[in-house]
Amino acid sequence: MIYLFAALLTLFGIGFITFKQPVYSALSFTAIVLVACVLFVLSNSPFLAAATMVVYAGATIIVFLFVLMFAQRSKLQSYDVNLNRPILTCFVGGGLLGLLISGIRSMNIAPTEELASSKVADLGKLMYSDYLWTVELAGLLLLVATIAAIVIAQETKSDSMAKFEELVKTRAEGRAPNGSNS
Amino acid sequence: MSNLVWLIPVAPLLAMLVGVVLCFSSRGRESAHLPTWVGLLVAAVVCLMTLLGSEGGTTAVVTPGYTWLSVGSVTIPISARLDGVGLVQLTVVTCISFLVAVYAQGYMKGDPGYPRFFAVLSAFVFSMVMLVISSNLLVLYAFWEGVGLCSYLLIGFWYQRPSAANAAMKAFLVNRLADTAFLAGILLLWHGVGKVTTSTTAFARLDFDTIFNVLPALASEYPNLLSWVGFLLLVGAIGKSAQFPFHVWLPDAMEGPTPVSALIHAATMVTAGVYLLARMSPLLSYTPEVLQLAGWLGAITAVIGGSVALFQDDLKRVLAYSTVSQLGLLFIAFGAGMNPEMLPFAVVAAMFHLLTHAFFKALLFLTAGNVMHAMGDVIDMRKFSGLKSVLPATHILFLIGALALAGVPPLAGFWSKESIFGLLAAQIKDPQHGSLFLTWLCMGLFSSLLTATYTFRAYMRTFQGEVKTPAEAGDHPHEATPVMLAPLYMLAAGSVVSGLVIYLTGWLDKFTLPPETVEAPHGSWLLFVVSMVIVVAGYGLARVFPTFDEKKSPAFVKALANRLYLDELFYYLLVAPTQSLANLVGAIDKFVDSLIRGVAHVPTAAGFQLRRMQSGIVSSYALTMAVGIVLLVALAFL
Amino acid sequence: MLTREILNSLLPVAPALGLIISGCAILIAWMFQPQQDDDQPRSSNGWAWAGLAALIVVWGSWSFSGSTLVDNEATLFRSDVLSRSGTHLAMLAGCLVAAITINRSPSGFGAEFHACLLFLVSGLCFVSAATDLTTLYLGLEMVSIPTILLLAISRRDDSGMESTLKYFALSAFSSAIFLMGCSFLFGIAGSTKLSEIAASISANPSIAAYIAFALVLAGLAFRVTAVPFHFYAPDVFSGCSLPLGGLLSTLPKIAGFVAMLRLLGGPALQSGLAPVALNTIVVLALITMTVGNFAALAQMNCRRLLAYSSVAHSGYLLMGLAAALVQGTGAQSLIMYLSAYVVMTLGFFAGVTAIFERTDENLDLDDLQGVTQKNLLLGASMTVCLLSLIGIPITAGFWGKFMILRDLIAPQNTLLLVGAIFMVVNSAIGAIYYLAMLIRVNTQKPTEGSQAESRTTSIVDLPAFATCVICAATTILWFIVPKWM
Amino acid sequence: MLQLNEILMLSSGMFVLGLIGFLTRKNMILMFLAVELMLAAVAINFVAFGSRLGLQQGQLFAVLILTVASCEAAIGLALVVAMYKRKSTLDISQWDSLHEVEPPKLAESGEVEDDNIHDYPTLAPAGLAPNAQSTVKGGSRAANEKA
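Chains as they are written, first to last, in our numbering: chain C, 1 to 182; chain Y, 1 to 638; chain V, 1 to 485; chain R, 1 to 147.
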């Protein structure tokens with residue numbers, strides 16, 4: 001069974017890395033997340049599987065795809081076609097994988113009682129009793145991230161002014177050497 | 001009393017802080033002397049009260065003060081350790097400093113760096129007080145450097161003048177040379193104490209009490225180490241106290257303002273070396289060979305200083321060389337303490353002369369300052385004469401100082417010199433070193449002959465003869481202001497009476513001698529007579545002493561006028577090699593520099609790789625990070 | 001239902017709560033502020049003062065409340081020496097950064113800027129009080145996400161965006177690495193409690209445990225700019241606004257080191273993983289300080305130089321971490337160095353900020369010329385900060401180096417001794433470029449540099465100037481009274 | 001059923017895939033997706049460990065990771081949008097204006113000046129200069145001072 005998963009992962013992973021169309025890459029990312037969801041289920045965590053499915057496949061990837069489309073050009077871009085030092089990176093990644101796997105092999109976890117079937121209620125109880133402040137902290141983090149996202153993407157008037165001035169400057173520079181440019 | 005002790009350093013410290021603030025403020029600059037006055041006055045009064053109220057005796061009172069650092073097992077407490085010697089030194093420092101500060105108000109008036117001067121002056125007094133009262137050798141060293149720093153700042157006070165900046169640099173470098181030896185000595189001692197005792201913490205090993213407690217053990221187990229320590233401490237002491245061959249910095253230090261010359265380079269700081277030897281005298285009693293070296297250096301310095309002073313035309317320089325030679329006498333005193341049972345008397349004699357010398361040398365310098373003030377900053381004795389009628393008060397004060405310095409009874413200098421010579425004379429019959437003591441005695445007496453000669457000569461050239469003033473002095477040179485004269489009267493009073501009082505009452509003995517010692521050896525009446533003859537001879541010589549012309553004088557006169565070419569020797573022995581070394585290093589530096597530049601132009605070279613990694617592309621940075629992670633993880637399998 | 005215990009478990013992070021509440025208050029107040037025409041950039045000073053006041057009030061009331069809390073490991077936050085000193089450090093750095101940015105907060109984004117600065121500092125408090133892997137991780141994110149926001153809004157030209165991008169991308173990457181290590185730690189220890197993790201690692205030092213350690217270390221090494229995770233630093237420093245450079249060189253570094261101490265500095269770790277972990281940290285430290293110093297030597301660009309200098313100081317701090325691991329006596333010397341570092345670095349940044357009209361221009365070393373001639377107090381303060389960075393006595397930097405060196409020498413461990421020697425040599429190398437700055441600060445500028453001449457004619461930023469002076473005074477004060485560090 | 005070890009290996013593989021993706025892709029959006037992939041792998045780790053150890057904390061951590069991942073996604077996308085507006089490209093290697101500048105060329109850096117930089121401190125001649133230029137005694141110094 002592991003070979004099946006390994007094969008799936010490798011297939012979609014290679015796809016994610018090598019597809020020249022970024023949309024295909026994003027789709028293989030979705031496929032990998034689905035594989036991960038299956039792994040969640042196998043680890044007795046159906047709630048997380050569902051949550052991941054909703055959050056990743058449902059929300060995150062859609063937004064990513066949206067932005068991807070927004071920035072998409074009609075023809076393939078060179079930066080999507082060419083990879084950045086693929087061979088060296090593969091060596092590094094392979095090395096890390098080898099090290100991690102041999103580390104995992106050497107690890108022997110004492111088998112305790114398997115979590116028979118994790119009830120969402122138990123998780124909820126944990127989250128809202130002992131780990132209440134952790135969850136609140138995560139909420140605060142979301143607030144800051146929201147502010148950050150709004151502020152970063154916002155274009156202020158001074159920004160557009162600066163951009164305009166820059167444009168004028170580059171035009172002027174471009175025009176200077178040979179008068180009838182543009 | 002114990003709490004009051006901390007007032008002595010804290011008052012100048014506060015004065016310094018206020019002064020530093022005044023340096024940066026636009027208002028209140030003209031009254032910058034006030035905090036310093038108050039701080040120093042408080043310190044001086046506390047000192048005097050403590051001194052007069054003290055029972056005497058040599059036992060040291062350790063007052064815990066302030067725990068500087070207390071982290072984990074490291075504690076660095078700073079505590080005050082006050083014994084008789086320290087108390088005497090402290091009183092001299094604070095009282096003279098206060099008087100000089102009063103004088104400086106008049107002298108420095110109108111200088112753009114007025115607040116700076118008083119801030120550094122307070123800082124100097126603070127460091128000096130801490131140097132004296134610190135109970136730990138390392139703390140002493142720290143403030144030793146602090147004192148050196150203040151001296152550097154004050155010599156170079158008029159830093160716009162190249163000569164002042166150079167003189168400051170020179171004093172700094174020469175002192176640094178000696179201080180390196182001092183520091184090495186401290187570390188060696190620390191190492192040694194650590195070998196014989198394990199009970200104390202690392203820092204407490206350098207407490208004086210600890211050191212003195214383990215001295216017998218140290219002396220029996222590591223006598224060689226002790227000699228080395230003594231030698232290295234001596235080098236430190238002769239650096240600060242301007243003894244041969246490190247005396248070259250002191251005359252140049254006269255570039256500083258005159259109050260500074262009086263305070264730091266005549267009365268207080270230069271005696272720090274002597275104080276160090278007195279403080280470490282329990283250790284030195286185990287190392288007679290070091291004391292012998294001190295005696296020799298002192299004798300040589302006394303003679304050299306005296307002879308060079310004879311041929312100087314610059315009044316302040318005469319006094320500077322005179323200081324060098326008088327400090328030499330102090331070191332002779334330590335030489336006379338070669339026999340361990342005589343060492344306490346040597347300390348007494350040295351402290352005695354130190355005290356009187358502080359009075360009359362400060363007086364002389366400050367009166368010279370008056371002269372300089374009146375003459376429009378001209379201090380060359382060839383340019384003026386006969387100032388007796390122009391500056392009557394200054395004339396009398398200078399005369400008192402000169403008589404005290406020359407050793408005319410019953411003024412102070414006579415008695416303190418006498419106690420040193422008496423100590424030497426009493427030991428002439430010593431079977432082992434008798435001839436040595438005799439030699440030093442002769443050299444000491446010869447230097448006092450020189451002292452009398454140059455002092456009277458300087459006095460006569462300045463104040464006697466026809467009235468002549470330089471053009472810089474303006475139409476009618478005037479006497480100094482009362483605020484400048486008042487402290488001089490007090491110094492003059494000290495110069496007159498201190499010697500006689502202390503000699504007759506044996507007042508110093510009670511502070512510096514263990515209670516059950518035998519009667520101190522005093523000079524015989526023969527020595528008295530010899531001394532007086534010497535003074536008279538000196539006066540006679542001064543009368544007949546011709547003024548030399550540089551061109552047609554014999555070689556030795558030329559040599560003396562040029563300070564025996566010692567500066568040149570120093571130059572060729574130390575500076576020139578250093579400079580060529582520096583040039584070499586510079587050349588290497590340039591080579592390396594060009595190599596680096598070359599490397600930058602050759603992308604294949606190894607050093608360039610780092611730069612190339614810094615390409616600005618995120619992916620490359622991430623790749624490097626990933627490689628780093630792999631390497632870190634791979635360390636697990638090693 | 002909130003029980004009393006659950007509420008009480010928040011007490012150790014009370015200052016963080018205070019900051020969060022003030023931050024939210026600022027944001028809410030901003031919403032109600034009447035909107036003005038965007039052509040007139042609103043002054044952000046009000047928000048800045050509010051942020052600074054919030055920091056000072058929270059810090060002061062927390063330190064003077066003097067409540068001695070029971071150190072309860074079972075809850076999510078604890079109140080021990082490390083949490084207290086970490087919180088103090090966070091507040092100190094936060095106050096200084098807030099003071100530098102009073103006149104320099106981005107126009108139009110003042111409220112967001114200062115609210116997020118408060119959130120950032122509160123994140124540091126969470127990190128230093130965390131007893132649980134979850135709170136530690138969220139605290140770290142609470143530091144890095146506001147940092148990105150601050151970077152993004154404080155400079156909005158191409159360079160600013162680029163530096164934000166670099167910081168964000170690499171920060172997300174390193175955070176993933178850190179999490180991978182955390183997951184292994186969780187698996188090996190069977191708990192998310194930091195104390196149990198440390199105990200189980202030292203009871204059973206396996207290869208997997210080491211791998212987890214290495215991954216966590218690598219993740220945190222990014223925050224403390226250890227080599228080879230430092231590459232972003234010079235670029236980001238040269239692309240962000242000047243006060244942000246000061247922020248970047250202190251706050252994330254405090255977070256990284258406090259987190260390392262929380263994760264690794266437990267007394268349990270010294271027995272188990274120590275040898276190999278120690279080797280790793282020492283090697284990392286040596287490489288970091290050497291690369292940082294040599295790279296800084298060749299720099300003429302002031303910002304990049306400061307970045308490399310911060311890298312070099314990370315190396316010294318890592319040596320302090322190694323010493324703390326061996327000694328097990330707590331990380332007092334590391335904390336001392338960190339506090340000295342915070343004050344002297346921010347002091348120097350404040351000094352540079354005070355003299356330049358714009359915070360986004362490129363700074364060469366020569367631009368520092370003549371500060372003392374223009375303003376003696378500022379020049380003297382910057383000189384003191386530089387002396388402290390070198391580690392000269394009369395400054396707090398001396399005690400920092402002294403304590404770390406002492407901790408390195410005391411255990412008689414060969415590796416640490418070698419490290420100590422390297423550290424001394426490196427400090428000497430570092431002194432060269434600090435002296436180069438020192439000389440420039442204190443020399444007369446060349447007459448022909450008329451542009452540079454006009455730059456430093458006056459202090460353009462009074463709060464930053466005051467901060468610089470305060471930092472210099474603190475540096476000297478701490479030398480005299482090191483127990484206040 | 002899968003063993004714990006096997007799940008861990010799979011998640012490690014996923015993690016490394018994400019890492020390689022982050023390093024090789026130049027498209028900013030795909031880079032951030034790769035980071036999400038790494039985070040998802042870590043979440044699998046946590047859940048697997050938690051399931052094996054009988055601890056709910058594993059799932060809790062996974063939930064936190066989901067939260068943080070969406071935070072990062074939000075910021076990342078906002079950043080991408082802002083950057084795309086500026087350069088109209090998603091290529092991350094276009095953003096490399098901040099980097100180590102080459103040291104100035106030898107000619108530009110003023111090699112000539114270097115000769116004068118090494119100004120070593122020298123001792124002041126005490127009184128009379130050692131080179132005996134001013135053989136006049138002390139007075140010359142006083143005169144110099146006036147000047």
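The hints are simulated quantities; they were obtained by calculation from the structure and are not laboratory data. We treat Cβ as the ideally placed atom computed from N, Cα and C, and that holds for glycine. Each hint should be verified, as a subset may be incorrect.
To be verified - Pairs of lysine to any residue, SDA-like flavour, derived with a Cα cap of 25 angstroms:
#	chain 1	residue 1	chain 2	residue 2
1	C	K119	R	L4
2	C	K20	R	V81
3	C	K125	V	N8
4	C	K125	V	F398
5	V	K483	Y	T75
6	C	K20	R	Q94
7	R	K87	C	K125
8	V	K374	Y	F24
9	R	K87	Y	S620
10	C	K125	V	T3
11	V	K483	Y	K195
12	R	K85	C	Q77
13	C	K125	V	L170
14	Y	K195	V	L10
15	R	K85	C	G124
16	C	K75	R	L4
17	V	K193	C	G124
18	R	K85	V	N8
Unchecked claim - Derived Cβ-Cβ restraints for the label pairs, each shown as a range:
#	chain 1	residue 1	chain 2	residue 2	range
19	V	S65	C	I14	51 to 61 angstroms
20	V	E73	Y	L177	35 to 45 angstroms
21	C	G94	Y	K195	23 to 33 angstroms
22	V	R84	Y	E221	20 to 30 angstroms
23	Y	R161	V	I432	41 to 51 angstroms
24	C	K125	V	R4	10 to 20 angstroms
25	Y	E221	V	N72	48 to 58 angstroms
26	Y	A184	V	I432	22 to 32 angstroms
27	Y	R161	V	L417	47 to 57 angstroms
28	Y	S163	V	P393	23 to 33 angstroms
29	V	P393	Y	V529	28 to 38 angstroms
30	V	S107	Y	A184	29 to 39 angstroms
As the list claims (entries may be wrong) - Sample of chain R residues lacking proximity to chain C, with all beta carbon distances greater than 10 angstroms (derived):
#	residue
31	S51
32	D96
33	S97
Violating hint indices (sorted, rising): Numbers 4, 7, 11, 13, 14, 15, 16, 18, 20, 21, 22, 23, 29, 30 and 31 - these are the hints that the structure violates, sorted from lowest upward.
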